[in-house]
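Visitor: Chain by chain, the residues run as shown.
2 protein chains.
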Amino acid sequence: MNKTPIKLSDGRQLTYYDTAAGGRRELADGRTLSAVNSTSELRCDPFLGAWVIYATHRQDRSYLPAAAECPLCPSRDGHRTEIPAADYEVVVFENRFPALTASPAAELANQSGQRRGLFTARPSAGSCEVVCYTSDHRESFAQLSHDRVSLVLEALIDRTAELAARPGVEQVYCFENRGREIGVTQPHPHGQIYAYPFVTPRTERVLASVHSYFRRTRRNLFDDVLAAERADGSRLVLAAQHWTAFVPHAAHWPYEIHCYPNRRVPDLASLSPDERHELADVQLDLLGRFSRLFPEPAPYIAAWHQAPVRRGRRHFALHLELFTVRRTSDKLKYLAGSESGMAAFASDVIPEAAARRLRELAR
Amino acid sequence: MNKTPIKLSDGRQLTYYDTAAGGRRELADGRTLSAVNSTSELRCDPFLGAWVIYATHRQDRSYLPAAAECPLCPSRDGHRTEIPAADYEVVVFENRFPALTASPAAELANQSGQRRGLFTARPSAGSCEVVCYTSDHRESFAQLSHDRVSLVLEALIDRTAELAARPGVEQVYCFENRGREIGVTQPHPHGQIYAYPFVTPRTERVLASVHSYFRRTRRNLFDDVLAAERADGSRLVLAAQHWTAFVPHAAHWPYEIHCYPNRRVPDLASLSPDERHELADVQLDLLGRFSRLFPEPAPYIAAWHQAPVRRGRRHFALHLELFTVRRTSDKLKYLAGSESGMAAFASDVIPEAAARRLRELAR
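Keeping their order, the protein sequence lines are chains P and Z. Here the numbering used here is used: the first residue of the first sequence is 1, the next is one more, and so on. Here the numbering used here is used: the first residue of the second sequence is 1, the next is one more, and so on.
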């Protein structure tokens with residue numbers, strides 16, 4: 001893997017990732033962008049114990065631009081984009097309208113937050129990055145080559161390491177939102193990386209369950225769930241040499257797949273070369289099934305759950321959670337009163353039936 | 001309030017609520033509906049400690065029917081609906097496609113769930129009801145009369161009492177989803193009541209925070225947050241004699257209002273006559289502001305948080321949470337990778353700015 005870091009004209013970092021050395025990439029951003037005054041603030045909800053991110057500069061970000069105006073395509077004469085080069089393989093850059101921004105180190109010193117009575121707030125830390133998978137505007141992740149998926153994985157691992165080393169970063173989250181139905185504002189195939197200045201509410205909850213299970217049984221909950229799913233079999237989607245994918249017994253979404261390496265590791269960087277190699281096949285296989293579920297490709301969220309940077313690493317198991325918000329070919333699963341108001345999910349699709357359907361869609 | 005309970009032809013319960021006695025309502029359902037084989041199952045997610053509801057018979061429920069086919073309008077010649085009467089004020093009936101159903105008492109005996117290793121499942125209990133606010137298909141809650149809002153409130157209180165008394169019911173939740181953007185399948189103005197056979201994940205989390213705060217301070221978190229918001233004032237939307245509405249300091253949604261009675265009570269039934277009377281004004285005021293926020297009425301979720309039926313009642317504070325998923329006149333707030341994947345919310349709107357805007361929209 002060859003890595004070429006450059007600076008965009010407003011000071012943001014961009015990195016080209018190429019399979020071979022020597023493919024020299026454009027270093028200069030031909031645009032003159034004014035610096036964006038990015039500030040974000042964190043506030044803690046005292047009832048949910050959850051940090052909420054406020055980033056008011058984001059209201060003006062571009063929203064479903066026409067293909068000719070795509071800011072993630074390579075630059076060409078008359079259309080300079082976020083990527084200065086005329087072509088690229090994989091490129092990662094800082095979002096111009098990030099939800100999370102890095103604050104000066106002095107502001108971060110008080111990590112516990114400024115308390116004004118019950119109102120806890122603190123300056124933000126962290127970063128939001130965009131990962132372009134291909135220069136081809138019309139491709140999708142499911143259509144990438146095996147080598148390209150491997151290159152994306154190496155880019156995610158490289159970015160995770162750099163972001164995790166930054167002061168104040170507590171968790172690095174690599175994910176892809178795909179489809180207008182879930183609010184994707186840029187149709188160009190891309191993922192995102194959020195470096196959070198806190199352990200996310202979901203991961204906090206999972207770690208609490210894992211620790212409580214360990215205290216009770218001296219066993220690891222991730223290991224036991226994976227073993228139980230493999231033994232039961234009724235919800236398995238695929239069982240490869242190094243990876244297992246299944247619909248969880250209590251799936252929250254109509255079609256939801258959890259994909260684990262058979263050997264528990266805390267993060268992507270800890271995967272062996274063999275595990276990485278097979279992962280590319282597995283990802284293409286699973287996303288291919290999602291694209292065949294309905295007449296049109298399913299909108300999805302693909303979420304890499306990695307261990308937090310500083311704690312819970314010994315017990316956490318890296319895994320991918322993949323789900324679609326579509327429940328039939330023409331109906332979406334909305335998060336309405338029960339889900340959004342009470343976090344009580346109701347699903348129309350029994351997990352065993354979802355798994356059966358996903359098994360049938362193998363190629 | 002006058003109450004007329006009847007049975008629909010498939011055995012479901014329907015209740016007419018009228019302001020005056022004597023307005024005799026149609027007792028017979030002229031249709032011949034086959035009984036729906038409603039079964040639902042609960043499964044517990046071992047990582048999130050949350051029950052998920054599966055109700056597979058729901059896939060066929062009607063989805064955005066044409067106005068002439070509306071099942072919530074009064075019956076007329078040639079169009080028999082869910083409501084046999086030719087007119088009504090408020091009517092509540094069991095959903096024909098409920099997410100939650102009552103299981104036989106014998107099945108409920110084992111409330112702790114059948115464990116198959118890590119896979120905990122149990123038969124469901126509970127109920128899903130529909131609350132029609134008006135026979136006028138084109139009205140909205142914000143357009144109801146004060147008397148009608150009061151009648152809706154009395155209906156919710158009556159239904160909450162009946163549902164809370166059923167075996168296996170742990171929490172009764174009254175809410176309204178409004179707007180196609182959040183998945184409302186019936187545009188006729190209506191709310192819903194879910195009687196859950198568990199304390200919802202959100203309420204569990206809130207109770208844990210409230211109990212932990214009490215252990216630390218011997219004080220009530222709801223009381224202290226309400227007092228702090230009233231003292232701060234920058235996020236207040238309205239302060240009436242008996243009710244206070246504010247945008248919470250760490251709001252999760254672009255426009256979110258929490259509305260509390262100034263006297264802490266566990267549920268709607270505990271409100272005094274004066275508090276009930278003023279509540280109707282307050283609800284109409286707040287929903288009126290929501291309807292003026294954007295050129296078109298904002299889609300919203302209005303959620304009544306009542307104390308669980310059997311525990312946490314001493315510390316819980318009844319309140320209404322009202323929020324819209326719209327962030328500007330033409331943009332929605334989607335729950336994508338960060339929110340759906342990690343429960344980490346990012347918002348573009350600072351709560352103080354949202355409150356200022358909502359104060360300006362007073363009539």
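Among the hints, a few may not be true.
[To be verified] Quick list of the computed label-pair ranges, beta carbon to beta carbon: (1) Z:Glu352 / P:Ser212: 51 to 57 angstroms; (2) Z:Pro5 / P:Arg311: 35 to 41 angstroms; (3) P:Thr328 / Z:Asp330: 43 to 49 angstroms.
[Said to hold, decoys possible] Cβ-to-Cβ under 7 angstroms is the rule here; a few derived chain P residues that face chain Z: (4) Leu33; (5) Val36; (6) Ile53; (7) Thr56.
Simulated from the structure, these hints should not be mistaken for lab results. The model shown is predicted, which means the values in this text are computed figures rather than measured ones. Cβ coordinates follow ideal geometry from the N, Cα and C atoms, glycine included.
Visitor: Next step is simple, just say for each hint if it's right about the structure.
Guide: Verification of the supplied hints:
no.: 1; hint: Z:Glu352 / P:Ser212: 51 to 57 angstroms; verdict: violated (38 angstroms)
no.: 2; hint: Z:Pro5 / P:Arg311: 35 to 41 angstroms; verdict: violated (56 angstroms)
no.: 3; hint: P:Thr328 / Z:Asp330: 43 to 49 angstroms; verdict: violated (28 angstroms)
no.: 4; hint: Leu33; verdict: violated (21 angstroms)
no.: 5; hint: Val36; verdict: violated (14 angstroms)
no.: 6; hint: Ile53; verdict: holds (4 angstroms)
no.: 7; hint: Thr56; verdict: holds (6 angstroms)
Hint compliance for this structure: hints 1, 2, 3, 4 and 5 are not met, and every other hint is.
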